[in-house]
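Using the hints, build the complex out of the two chains.
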Amino acid sequence: MANMSNIKNPMPEQPADVRNRNFSEVTLGYSPETAIDEAQRCLNCKNRPCMNGCPVGVKIPEFISLVANGDFDGAYDKITETNSLPAICGRVCPQEKQCEAQCVRGIKGESVAIGRLERFVADYHLNHKQDVPQKRKSNGKKVAVIGSGPSGLTCAGDLSSMGYDVTIYEAFHTAGGVLMYGIPEFRLPKSIVQKEIEKLKDSGVKIETNVIIGKSFLLDELLDTMGYNAVYISTGAGLPQFLGIPGEALNGVYSANEFLTRINLMKGYRFPEYDTPVYCGKKVGVFGGGNVAMDAARCAKRMGADDVYIIYRRGMEELPARAEEIAHAKEEGIEFLLLKSPSEFVGDEKGNLTGVKVSDMKLGEPDASGRRRPEIIENSEHLIDIDTAIVAIGQSPNPLIRKTTEGLETTNRGCIVADEDGATSKPFVYAGGDAVTGAATVILAMGAGKKAAAAIHKKLTAQGETL
Amino acid sequence: MSYKIIEKRDLSPQIFLLKIVAPAVAHRAEPGQFIILRTDEYGERVPFTIADFDREQGTVTIIVQVAGKTTMDMQKLKSGDSVLDFAGPLGMPTPLENIKKAVVIGGGLGTAITYPQAKKLKSLGAEVTMIAGFKNKESIILSEELAAVSDKLIITTDDGSNGLKGFVTDRLKEELESGELFDEAIAVGPLLMMKAVCDLTKQYNLPTTVSMNPVMIDGTGMCGGCRVIVDGKPMFACVDGPDFDGHKIDWDIALKRQNALKSQEKRACEEGTCRIGRSNING
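These protein sequence lines map, in sequence, to chains E and H.
Taking the numbering used here, the leading residue of the first sequence gets 1, the next gets one more, and so forth.
Taking the numbering used here, the leading residue of the second sequence gets 468, the next gets one more, and so forth.
Among the hints, a few may not be true.
As the list claims (entries may be wrong) - Here are the simulated lysine to aspartate or glutamate pairs, EDC-like style, with alpha carbons at most 16 Å apart:
#1 H/Lys700 to E/Glu248
#2 E/Lys350 to H/Asp717
#3 E/Lys267 to H/Glu508
#4 E/Lys190 to H/Glu508
#5 E/Lys350 to H/Asp719
#6 H/Lys723 to E/Glu324
#7 E/Lys97 to E/Glu324
#8 H/Lys632 to E/Glu344
#9 E/Lys403 to H/Asp707
#10 H/Lys471 to H/Asp507
#11 H/Lys723 to E/Glu248
#12 E/Lys357 to E/Glu344
#13 E/Lys267 to H/Asp507
To be verified - Covered by chain H, according to a simulated footprint, are these stretches of chain E (three or more residues, beta-carbon under 8 Å):
#14 269-282
#15 392-405
Don't read these hints as lab results, they were simulated from the structure.
Cβ atoms here follow ideal geometry from the backbone N, Cα and C, with glycine treated the same way.
Bound-form chain H, shown alone (with noise of 0.2 Å):
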């Protein structure tokens, strides 16, 4: 079985964008869940959130950013090839429902997961306010996109090299201090700028959701690699989550868990052979 890309379109010099043919993970997808995708034979089994789906059509869209082996093959894949194994859709929605004003907070490739959960919103009827940090003016992506399912769309950059210059949580601040008033906050991003999301949010008593992604195998609860702990219990990522109450998260743990493999990982880059193109011999 292999699931065939019909678009592959660059984003940025580091983030790229995979529509595939899974109707078996589209027919149930929602915003908020994730997939599992194994590129050959000898790859690993890696998580990517799903950054848009069509019932109709069968696809299912991931937007994917080079951090290590898998992804630095995945990005040489092209439009007509294939990937041997991608199953979903895997953990729970993120719930949308009765949120009236929401702000959604993107970070970097987190902007990419905040897109359907931003246009589920809108199509709920809930007012949006989307706040999406980059690094620098390469890296913006989605910016279209998000502009189409938000009411107000603030693009920060790190450098300030477009749109306004800092962080996303000086922007967030902004809004809050304005008096808006929100019932929902959405972050997704890099772990840093998730807690500091969920400081900030948490001394103007704004509930927040935050989606997790550490490193799991099997997505279904059997490995338990992706514990995080919440309000002091062991929750996995995969199966409960991956979005949580930011403000019961054990940011420290999470942390310090990420860091984990990373030395792994280093060695995989260096002395692993990219496969793809040979790829196409079995898929």
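Isolated chain E, as found in the complex (with noise of 0.2 Å):
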């Protein structure tokens, strides 16, 4: 019998006047009694839309009828046929967008609880159960993966899977990308990226840390001489793109970039104990109106910041972050400053901000992307005072590559040039995620990467066959 109710269960999290002082996760996840309530909402639908709205493709009403049925191992089994990173998914997808956009459930009432379903699931199976892990018999060639994100370690995961010898480059110190260095501990543990990228390991795939491709080795050297029989390119997207507004070289501007990665990588929240500093004042404007603009605001608010601003060029029905990201950020007491666009950042003798020009805009026709686009009323510029400023307007794919490997088509825009398989103007060369798209979401990231495994072995397997 369903459960008819027509809200979600809802999630336990910390209170907000309490996380907004820690870095600690700030929702705790479901109790095994509230996943089965929870799984009991599904109404199992034959025609089964919500997988239709997931990028990799997860057999969403299978394992939510396993939950109900209290076989928390068996859902597990199934999330991973098809998703190896359940519990980042069910942490970080945009799934108001995709899988519960479509649940029918969400007609009358609140969608089935997919993201937390399914993070309550890989949760209890890192909870539980110890992997044993199953190193395939080896099919005799390898394939490079550049970059140890989202994409990069679905790809490798999958093509370790069907037997290649996998070895991914990173250049950080760290691998995880994106997951490690942007997406702040309180929304997404790094002990669990980690265990996540442990079990790639004992799985076989290999990686290389400290590795820049592009500066310590060439791609082409990675398929002339060092033996790989294909590549993967997944370098996301992490140059920082900046206002080109007045005063942007003053002290105490960021990158998003800069300011989450001094937190989230190198652990700045814990400075002096972990050596790398973060410089953050009083009253902090952050600009943007994405899942990073919110990261960085609340990461202010957590290191002390009085006020924290998001800056934000449309209004509320504009900003691009997942829905829950921006009502914790309001919850945590981040202020919303809409239709407001920066013109200069100002500062005083020694080259410290202090302030920052805008002006009020209105929305006017929808633009190319179909949004409305914002128009700057005259004479409406004045200041607002910060000592900090966050620069959270986008970002796109690092050109170390790009500008390193002749016959790689890019755009104009620096993004590699890829057919839905994946692949690029360069033979046995594949590209996916942020460095194919620009700055996207995990979950197409992960799917590109497992277009992108399935294309390289078909690929490889048809050269073998002719060989």
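Next comes the structure, spelled out in structure tokens:
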């Protein structure tokens, strides 16, 4: 008998006025009883609309009905048939735009809490089950994966399970990419990311940290002299975009990448136990409206800022961030200064930031992206006092590989050109994730990694048959 | 992964040399490029310019001046110890081809960075005049190595305790006044020294390359913390540099940015505990 409640079981979380002063995880996860109760809200629709919304095709109704029956291990196996990183996806996917947006229960009331259930199943597994590493028989072929973010990890995991000898090259000292440097501890605990990576290593994937492809070794060397049969480029979108307004070199103006990397990867929030300092003032302006902006704002609050503003040139409806992050940010005391566009950072004689000049905006006709275009209201410029600015208006792909690889086609925005399967203009070189699309989501990057793994397998198998 | 130190040598009370086994860095290293290291899992990522490398041995040499928490910790390292992370080579190599007659100016630790540049210039057949400036006699480093790679070596000390008394710019001015015709100046040292060199060479229309070493985290263009304003445009020292046309740098902004984070570094030195020694447990 289905549970016909019209609302999701609420997610237990730390109270807002407590959590905005610590870096522990905000949401605490369902208990087994709550998970079973929530799972019983699923109607097990025959045409499974939710699955159409999932970029990696998780068999959602099947895993949920296993949860409803209390078979959490079975549910985990079902999810991991298609998704190798469920503990991560359950936490960071924009479910309300994907699987949950398609859920029939969402027509009258709230959808089934698919993301929360996925997280519950993954956490239950991590806490209760010891995985026995399954080393597959090697097929004797080597693939190099460049970058160890979600796309690279997924591609490596899939290829390894097909028998390939996979090595991931990572420029940083720690694997995980944006999962480590970008997304904060309170939203995605780093121990969970590292457990997923350990599982991958146990299954035979090798990870070489501190190696920068394009600098330490060229991409062509991987194929020509280092014996790799194919390469997957998943280098993400690491290059920060700045606003391009006067005063951006003042002290106290950060890219979101720098601010978040200092805090997340280098653990600057535990300075001086960790050596990396993070300067964060008392009045912080965060420019942008996506998940990165929300993460930066919430980090600033936790670093002790009194006032944290999200300064965004469109309105509340247009904020691109995940709904849960916006709600959490509001609860934690982040102020939203909407329909405002910065024109200049101002500073004192020492070069320290003291404020930002902004103009009010109004929304005009929809632009190419379908969102209403913001237009400046004349003579509305005014000054907002801030001592720290964090620019979170987007990232572009890193140019290191593009600049050092002949014959790799890229767009004028620096994105690598790749087809549906990830094939690039260079034979045996595939690419996917943010390096191809520009900054997007974890799950889309994972989907691209999966497709490329299948395409690489097809290509190398076909090649083997013709030899 | 850790990277073994096979040689540690004190060059002065505050400056020391580390030769480290890092084949992946040595493989494509060139003069002017840098590495990023982390001593242990609590450490900062700190950039150091490559002072020398040996591709066959797979080693990279860095020269370090005690300046803050990490370098204080590093001074206690010994031959046989390791650092946890060592990544590179990063940045663009110094463009040294097609230079026939160069004046290379090093200030203090910057002298260590000019050494591989002068060495490569010599190997490419250029004539090299080297002007190396130090605080005093005790702080002079690499004088023999520099002599071996320059046609003319001028050592100056601020207090005159060894070599000529005065600043590198005084000697550079003498050279330029005497009618020496250089086609390139390369200056590496403290920001104020590089700025003074550029102010001078500009009067003689002598193209001048400087090496910027701002605060950075990743060294691959990701954080943007190392931005330098060149010709009015923001450039990243880690990927666009670290070498830039010194006549186009906004020195005022560069100097102000250098002062950022200074108070925090002071706090790290005072409150942070040294972990070298303990690092042998995990390294």
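Hint numbers not upheld by this structure, sorted from lowest to highest: 6, 8
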